[in-house]
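Chains as they are written, first to last, in full-length UniProt numbering: chain A, 1 to 415; chain B, 1 to 308.
I should point out that these hints are in silico values taken from the structure, not numbers from a laboratory. For each residue, glycine too, the CB sits at the ideal point set by N, CA and C. Among these hints, one or two may not hold up.
[What the hints assert, rightly or not] Across the chosen pairs, the derived CB separations fall in these ranges:
{"hint": "1", "chain 1": "A", "residue 1": "Q96", "chain 2": "B", "residue 2": "P39", "range": "22 to 30 Å"}
{"hint": "2", "chain 1": "A", "residue 1": "D232", "chain 2": "B", "residue 2": "N59", "range": "43 to 51 Å"}
{"hint": "3", "chain 1": "B", "residue 1": "P39", "chain 2": "A", "residue 2": "Q321", "range": "46 to 54 Å"}
{"hint": "4", "chain 1": "A", "residue 1": "Q96", "chain 2": "B", "residue 2": "R224", "range": "56 to 64 Å"}
[Claimed, not checked] When the alpha-carbon atoms are kept at most 25 Å apart in a straight line, the in silico DSS-like pairs for lysine-lysine are as follows:
{"hint": "5", "chain 1": "B", "residue 1": "K80", "chain 2": "A", "residue 2": "K397"}
{"hint": "6", "chain 1": "A", "residue 1": "K397", "chain 2": "B", "residue 2": "K83"}
{"hint": "7", "chain 1": "A", "residue 1": "K303", "chain 2": "B", "residue 2": "K61"}
{"hint": "8", "chain 1": "A", "residue 1": "K238", "chain 2": "B", "residue 2": "K80"}
{"hint": "9", "chain 1": "A", "residue 1": "K207", "chain 2": "B", "residue 2": "K61"}
Here are the chains, one letter per residue:
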Amino acid sequence: MKKSAAFALATALLLGTAHAQEKVTLTVAAFPSLDSAIKAILPAWTKLHPNVTINLQAQQFADHHNAMTTALATGQGLPDVMAIEIGYVGKFAEGQGLENLNSAPYNAAQYKKLFTPFTIAQATSADGRFIAMPTDIGPGTFFYRKDVLDKAGVNPLTMQSSWENYIASGKKIKQKTGAYLVNTAASVYNLVIRTNLKSGEGIYFDKQNTLLVGPDNARFVRAMTLAKQVRDAGLDAKIGEWSNEWYDAFKKGTVATQFSGAWLQGALQNWMAPDTKGLWRVQNLPEKGFASWGGSFYAVPSKAKNKQWAWEFIKFMTLNQGSQITAFKDNGAFPALIAAQKDKAFSEPVEFLGGQKARVLWRDAAAKTQPIDVNKYDSIADQILQTELTNVLEQGKDVKQALADARAQIARRAR
Amino acid sequence: MSQRAAPRTWSYTRFQQRFAPYLFVSPFFILFAIFGLFPLIFSLFLAFHLWSPLDGVGNWKFVGFENFQLALGPTDMFWKSLKNTVWIGLLSGIPQHLVALPLAFIIHHSLRRFQGTFSTILFLPYITNAVAIAIVFATLYSERLGILNYLGGQLGLDPVRWLGDPNLVPYSVAAVVFWRYVGWNTVLYLSGLQAISEDVYEAATVDGANGWQKFWYITLPLLRPMMFYAFTLTIVGSMQLFEEPFMLLNDGGGSGGAGLTSAMHIFNTAFRDLDMGYASAMSWLLFLAIFTLSMLNNYLFSRDGGNR
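Chain A with its partners taken away, still in its complex shape (with noise of 0.2 Å):
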């Protein structure tokens, strides 16, 4: 394409006059801890581009997104880069306020194949739009309490064998400790229902929107059938996730396993339970249940002043390996970056799961990860699909007939 050539030469000439003169201010909006990343990069950046300054813009998780909806209705207020968590990728891809990365003058599609393949396809919209560069991941992996554990006589390997043992074993360690097998039953319907989807299907639809939710999908009725039996075997403690009971838990070894991204590792021994260093191991999920959780993205609003910046920011903030590493140091962001996972650091024992080689393990977990299709009726379902195993968990309510409501009201919501 000639026009798309002369584009990219006059942007090639632009960025080097840039280069030799002109100061830049660069707005980058972003959330924690990404921020601390970004921080910790920034002296390397400017070094690097002395005349362009960053002007980092760090709100709150919710407060971030919420201001970034607000701007991309309006198309005011937008920063040149935007940082985007995975739980809000699939639906900003879905609107129309963001630079398709696959067209010039980004051509990002020669950089996909650098990228752990899955975080390519959530950055990507229906209509193949490429929207976000991933810069870190959630590899999926299963935490366990080797203490607890030992003290039952159970062999991980077993729990990891299959979802039947995994509730097995658990019935073991409450006899034999007293200690609860997981948080929360939803735990286990929540990771059953990521796992071992087919291609081309999503958690809730498939490519084609069609809904997958209902009582005939073999995946849902396990899921929530898994969950029933871990409840009704009082192997759960009934704790939700981030609240004082979790981290309680954490401390003084009460539940003895954790299904989490890797990331809850650097959580656990910076804050949560940094008296526990060496009690913790970690292991692939059962039944082989590759899955992702977390990550995060950096996009390029349409109305963006500086895109041509920004786009040289990402770039450093992504394809670079020397910042890929310093943000996975700062505070454990995984890479999205492939040839960074292979840095040495990578290889190291990690002290608090008391010298495991944990980060290999998360890196093949990230490339067995399969791409999940992401809807933007996702969060819908999701509430409507908690609403009903609540009902099945704790009013006993038919495990069918739960999935036939759910189908029914999301599909009333999804237009």
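Guided by the hints, dock chain B onto chain A, whose structure is given.
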């Protein structure tokens, strides 16, 4: 042919006299138009459209009454949230007035010396930050670490899941709302009591009325306007309940959505699901519900008052 009036000379004084008043009152109207009137009309417009803010301004689709039908459909969360709202409203609202009224009476008649102190103490919960309240109550209610279950345990009771059991959630939330607004209502009633002339009570004393009779035959009827005002505030406030359950139970409304109020559901629909049209339609339905209840309250009060 009419002659054109000669242009009168411009005079600052006359300009000032004619236009300055408009200029001085304009800030309110300008602000109201931007932050009051415009959102009102825009939300009415959106109630008949399907729109996600991420599609950008202008990219809305007309859907007629679909949003309203959706909200009024039998399976939707809106009914459940409305039911939750009314139930929590009754659980917190009725005790508020049953306690506030006698309390105000006692303070007014027996503890008059400490009236200022009492008013201040009673008013404190009302002006305390909702986040602080939520943190304190979440700690009190905590199943394993909370003081309520600790005290219960000392008495040999099993731990209660105050914020986890869907059947208990409305009571737990209502208790916080009660605690927060009972003082506000007491202060309202206190000011109402102060407006009642002492002569009436003196006359009653002369006639040999006891305390109960004074309360029942003098205080209550004369307090009627203030009661109407306080009831209306409670109805409107209860129907719009958001802060307390949102902070205590997070945005999902707790276990099984048992504490999901209509305002929370509307907030979620708008800002999490990005379905602005549906959220607007529900807002208008909620407005209608509040309007109806207020009118009912008005009717009951005026009818009763007319009989006496």
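Structure-based check of each hint:
Between Q96 of chain A and P39 of chain B, the C-beta spacing of about 23 Å keeps the proposed range 22 to 30 Å intact. About 48 Å separates the C-beta atoms of D232 of chain A and N59 of chain B, a value consistent with the hinted range of 43 to 51 Å. Our hint of 46 to 54 Å for P39 of chain B and Q321 of chain A holds, since their Cβ atoms are close to 48 Å apart. The hinted range of 56 to 64 Å is satisfied by Q96 of chain A and R224 of chain B, whose Cβ atoms lie roughly 57 Å apart.
Of the supplied pair hints, the one linking K80 of chain B and K397 of chain A holds, its CA atoms being roughly 17 Å apart against a limit of 25 Å. Only pairs whose Cα atoms come within 25 Å are accepted, and K397 of chain A paired with K83 of chain B is accepted, the gap being roughly 20 Å. Only pairs whose Cα atoms come within 25 Å are accepted, and K303 of chain A paired with K61 of chain B is accepted, the gap being roughly 23 Å. For the given pair, K238 of chain A sits about 24 Å from K80 of chain B by alpha-carbon distance, which is consistent with the 25 Å threshold.
For the hint linking K207 of chain A to K61 of chain B, the alpha-carbon distance of about 23 Å falls within 25 Å, and the restraint holds.
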